[in-house]
Amino acid sequence: DSGVTQTPKHLITATGQRVTLRCSPRSGDLSVYWYQQSLDQGLQFLIQYYNGEERAKGNILERFSAQQFPDLHSELNLSSLELGDSALYFCASSVDYTGELFFGEGSRLTVL
Amino acid sequence: QQQVKQSPQSLIVQKGGISIINCAYENTAFDYFPWYQQFPGKGPALLIAIRPDVSEKKEGRFTISFNKSAKQFSLHIMDSQPGDSATYFCAASRDGGYQKVTFGTGTKLQVIP
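Same order as they appear, the protein sequences are chains A and B.
First residue of the first sequence? That's 768 in this note's numbering, and the numbers climb one at a time after it.
First residue of the second sequence? That's 73 in this note's numbering, and the numbers climb one at a time after it.
Isolated chain A, as found in the complex (with noise of 0.2 Å):
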C-alpha cells in the first residue's frame, strides 16, 4: 500500500460526458502528479502541483483540467469525453525533494 488513494477504481461513461477523479495524497506530501496511461503505453505525465499551486504541465488537453485543494488533495476533470480517453489515470504524491514518487492504484475509465 503506497498510501496513495484513488477514487473511483473504475469508471464507465459515454462520450461527451464529464468525470471528476480524486486523489489523497500520502500524509505530509505536498506534491501530487497526474499521469495517463492508456492500454499497454507508457506514463504520459499531464500535470503537478506542489502545495495548492501548478508546478509542471504536459500533455494536458484543454478538455482536462487539475486543482489541489488546501488538505492537499487533488482533483482531475475530463470534461467532453471521447472514446480515446479510456486510459489509466494515476496520481502520484512525494515529499518533493527526490524524484520518488508514490503512485495510487489508479482510476480506469473507459468512455463507451
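One or more of the hints may lead you astray.
Reference excerpt, derived from the structure (chain A facing chain B, CB under 8 Å, subset only) [to be verified]: (1) 769; (2) 809; (3) 823; (4) 866; (5) 867; (6) 870; (7) 871; (8) 872; (9) 873.
If you want the ones that stay clear, here's a sample from chain B, every Cβ over 12 Å from chain A, calculated [claimed, not checked]: (10) 100; (11) 125; (12) 139; (13) 144; (14) 157.
Read the hints as simulated data drawn from the structure, not as lab findings.
Where a beta carbon is used, it is the ideal one built from N, C-alpha and C, also for glycine.
For this one, chain A is given, so just place chain B on it according to the hints.
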C-alpha cells in the same frame, strides 16, 4: 533535453537468466535515477534508485549500473523469476524546490519457466 530513452520495448528471458534494460538521458542536470516496477492493473512502485555519484547500486537481485560520461544507466535483474514479469520504467529527475520526473517509455519483461 528532457527525454529519457528506454530500450528494449519488450524482453523475454528464461527463468534464471539475466534481464537487462537500458536507458539514456540528455539533461545533465538530472541527479536522481529511479526504476519503477508495474504489475498489470497496479500503479508503478519504486524498485531501486541511484544518484550519479556512484557507478553501481545493488539491492538483492536488482542492480543499477550508471555511466555518467555516457549519460546511460541500466537495470540488471539477476536470476530472473516468473514473478519479475512486469513492466519496468526508468526515470530521471532533478532535486530542487520542486521536481518533474521524466519517465522512459517502459519495458515489458516476461520471464518464462
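Hints violated by the structure (numbers, ascending): Per hint list: zero violations.
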